[in-house]
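A.B. asks: Next come the chains, spelled out residue by residue.
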Amino acid sequence: MAFSAFATGTAREQVPRRKSRVALLLLMPGILYLVLFFLVPLVSLVITSLQAPSTFGDVGSYQTAFDWNNYVVSITQYGDQIVRSFFYAVLATVFALLFSYPLAYFIGVTARRWPLLQNLMLVLVIAPFFISFLLRTLAWKSLLSDESGFVTGLKALSLLAPDAHVTGTPVAVVFGLTYNFIPFMTLPLYAALERLDTQYLEAGSDLYARPSTVFRKVTIPLSMPGIVSGVLLTFIPAAGDYVNASREFLGGTGTAMMGNVIESNFLILLNYPAAASLSIILMVVILAIVTVYVRRSGTEDLL
Amino acid sequence: MATGAFAEAGADLELVGVHKRFPGFTAIEDLSLTIPAGSFFALLGPSGCGKTTTLRLVAGLEEATAGRILIGGKDVTDTKPFQRPVNTVFQSYALFPHMSIIENVAFGLRRRKIADATAKAHEALSLVELDHLATRRPSQLSGGQQQRVALARAIVNRPALLLLDEPLGALDLKLRRQMQLELKSIQEEVGLTFLHVTHDQEEAMTMADTVAVMNKGQIEQLGAPEVLYELPRTAFVANFLGQSNLFTGPVADTTADSISVNIAGSKIVVPKARAKRHSGQVTVGVRPEKLSLHVTAPEEAAGTNILGPGRVIDVSFSGVSSQYIVAVPGLGSIIVFAQNMGAGPIAPEGAETWVSWRVEHGFGLEDEASAAPRFTADDDTATIAEQKKHALMTELEEA
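Chains as they are written, first to last, in the numbering used here: chain A, 1 to 303; chain B, 1 to 399.
If you're looking for bench data, these hints aren't it; they were derived computationally from the structure.
Values in this document were obtained by computation on a predicted structure and should not be read as measured data.
Worth double-checking, as some hints may not be accurate.
Claimed, not checked - So the derived label-pair ranges between C-beta atoms look like this:
1. A:Arg112 to B:Ser139: 21 to 31 angstroms
2. A:Asp163 to B:Asp78: 22 to 32 angstroms
3. B:Glu202 to A:Val94: 54 to 64 angstroms
4. B:Thr135 to A:Pro29: 37 to 47 angstroms
5. A:Leu26 to B:Thr135: 50 to 60 angstroms
6. A:Arg21 to B:Thr135: 53 to 63 angstroms
7. B:Asp172 to A:Val94: 43 to 53 angstroms
8. A:Arg195 to B:Leu70: 32 to 42 angstroms
Glycine included, each C-beta is placed from N, C-alpha and C at the ideal position.
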């Protein structure tokens with residue numbers, strides 16, 4: 001559904017004229033995979049989210065029920081974390097977009113004359129993937145720790161209160177999310193901007209549009225498919241992320257996001273129905289937000 | 001550029017000593033040019049001659065390395081494209097793919113905050129007979145329709161100067177003819193100054209009031225199409241604008257109003273007024289359609305030049321006329337166009353023939369004689385095919 005935004009306009013016109021057995025046969029592995037690893041777990045998750053504690057059972061023992069109350073409890077109990085998740089994810093997405101657009105524009109448009117520089121910069125964007133995401137986040141934890149040069153420096157300049165911390169704050173979490181998802185934002189933006197025909201920009205300025213107007217009326221709309229995919233690729237995983245906000249990494253007690261709550265309910269509190277219902281809530285809210293977003297950005301009209 | 005108002009009339013364009021250098025090569029070398037307001041001016045030249053660069057300099061899409069550009073007397077050299085009272089019809093149209101046709105056409109009007117932008121855009125679309133497609137996207141239109149939209153998008157702004165960058169290049173022949181006439185009538189109707197860049201000599205000649213033939217970053221010759229055709233100044237112009245027969249030889253004799261040039265033993269007389277150089281090695285020429293073909297030796301007469309005898313080596317029929325290629329020993333081949341008045345060719349292939357033309361039809365070029373062959377690369381394909389055929393035939397004869 002939402003991902004039809006990535007489909008090109010021509011796909012609609014190329015509807016196959018007859019049903020083919022071969023096509024169905026070729027689709028079978030994919031369908032089987034989806035049923036086994038997506039549909040079955042999803043159904044299992046829905047069932048778990050409606051379970052009630054066993055009448056005389058141990059902690060972590062549940063029986064099949066139809067307990068809607070799980071959702072109500074989850075929302076009231078974890079309302080803060082739910083709101084915080086989406087708030088942090090939106091902030092991280094906006095920051096990643098603001099950082100990545102100029103970068104992608106430079107690589108995809110300005111650096112066209114120097115293919116070597118273009119390739120080098122692309123490699124630099126992808127390079128962080130060669131190191132585990134956990135390791136990089138841990139590295140940031142020590143870079144931003146109280147003993148680090150950065151923090152002591154800020155304190156020496158009185159830009160930071162003597163008893164203040166950077167790690168464990170919302171700033172560190174949003175920073176970590178932004179940092180970790182920048183490549184996912186930059187690459188689709190680059191792919192869109194790399195195809196941007198500068199002739200349209202010239203036509204815009206020839207038709208009395210100032211550079212800022214050309215950017216708003218021509219560059220942005222033409223790179224919209226890249227913006228949409230970059231935002232989705234950043235926002236969806238960021239909303240469900242449980243690494244950056246966790247206390248072992250950049251977060252603290254007051255920064256827990258939905259991912260952290262789901263993790264602790266599944267693994268520590270053994271409250272499976274609460275964890276499952278939170279997962280479903282996360283999924284539904286993301287789907288709703290993405291649907292509205294894709295509809296509003298109107299990318300299906302783009303070439 | 002003032003907002004809220006149209007240019008009242010076309011404006012003069014003046015280029016003063018313009019140079020444009022790119023890293024590694026010079027595109028334009030000391031170009032000075034004045035285009036009077038309200039004229040239809042064509043810049044004609046082969047690809048890579050600097051004509052598109054000239055257009056982009058005027059539009060402000062390139063910065064001149066040196067020199068000034070004036071539009072309507074105002075120096076615009078240092079202004080940005082959006083500040084210039086100029087609009088361009090781009091070679092590949094550059095219609096915004098994310099906007100409908102009407103939004104495309106109204107784009108410039110909206111930027112200048114002109115009242116009733118949509119109504120004016122509809123008017124412009126009606127002018128190019130495409131108003132019924134206003135809500136479509138550019139990708140849903142054919143090439144010819146897109147071309148007309150691009151034209152409407154430019155002229156709706158009533159620019160003082162309209163730049164056309166080979167806008168008819170992508171169209172088929174019939175549509176091209178039709179668009180040439182439409183463009184011409186639109187220009188007369190709206191009275192704007194048009195600067196049209198093309199490599200199609202026929203297009204330039206049918207549409208423009210003034211044609212400038214450009215080669216290697218400089219203007220070779222400028223003038224009305226008839227003048228350029230009848231009296232080319234250089235070998236490049238003589239060959240690029242139509243076809244020419246050119247002969248080089250020393251001036252043998254000079255009278256009060258003519259010179260005679262010794263070409264492979266024959267005397268060719270050219271009026272002094274039509275010759276740029278009157279002494280030394282001179283290249284003279286004549287257009288193929290001015291030549292008469294004779295199967296018997298014509299009588300020497302005053303006012304006529306005769307070359308021959310030669311042999312017809314090729315006859316190609318093209319409906320109203322035929323093209324004969326006559327090989328004259330010591331001269332090379334001469335191209336003759338003759339109307340097909342009777343049935344069959346005037347002279348069959350292999351026949352011995354003479355060619356003649358009236359003295360006042362010849363012209364003398366300004367080029368140094370030795371400079372003549374530097375343009376061989378720009379020969380039209382027909383000549384190249386002809387040369388290939390010759391080479392092959394001589395090879396076969398030798399074998």
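A.B. asks: Could one say that the CB atoms of Arg112 of chain A and Ser139 of chain B fall in the range 21 to 31 angstroms?
C.D. replies: 24 angstroms, holds
A.B. asks: Look at the Cβ atoms of Arg195 of chain A and Leu70 of chain B and judge whether their distance stays inside 32 to 42 angstroms.
C.D. replies: 38 angstroms, holds
A.B. asks: Kindly confirm whether 54 to 64 angstroms is satisfied by the beta carbon distance between Glu202 of chain B and Val94 of chain A.
C.D. replies: 57 angstroms, holds
A.B. asks: Using the Cβ atoms, figure out if Thr135 of chain B sits within 37 to 47 angstroms of Pro29 of chain A.
C.D. replies: Given a distance of about 44 angstroms, which is inside 37 to 47 angstroms, the answer is holds.
A.B. asks: Holds or violated: 53 to 63 angstroms for the Cβ distance of Arg21 of chain A and Thr135 of chain B?
C.D. replies: 42 angstroms, violated
A.B. asks: Please test the hint of 50 to 60 angstroms on the beta carbon pair from Leu26 of chain A and Thr135 of chain B.
C.D. replies: 39 angstroms, violated
A.B. asks: Between Asp172 of chain B and Val94 of chain A, is the Cβ distance one that fits in 43 to 53 angstroms?
C.D. replies: 50 angstroms, holds
A.B. asks: Between Asp163 of chain A and Asp78 of chain B, is the Cβ distance one that fits in 22 to 32 angstroms?
C.D. replies: The hinted range 22 to 32 angstroms is violated for Asp163 of chain A and Asp78 of chain B, with Cβ atoms some 57 angstroms apart.
Hint compliance for this structure: hints 2, 5, 6 are not met, and every other hint is.
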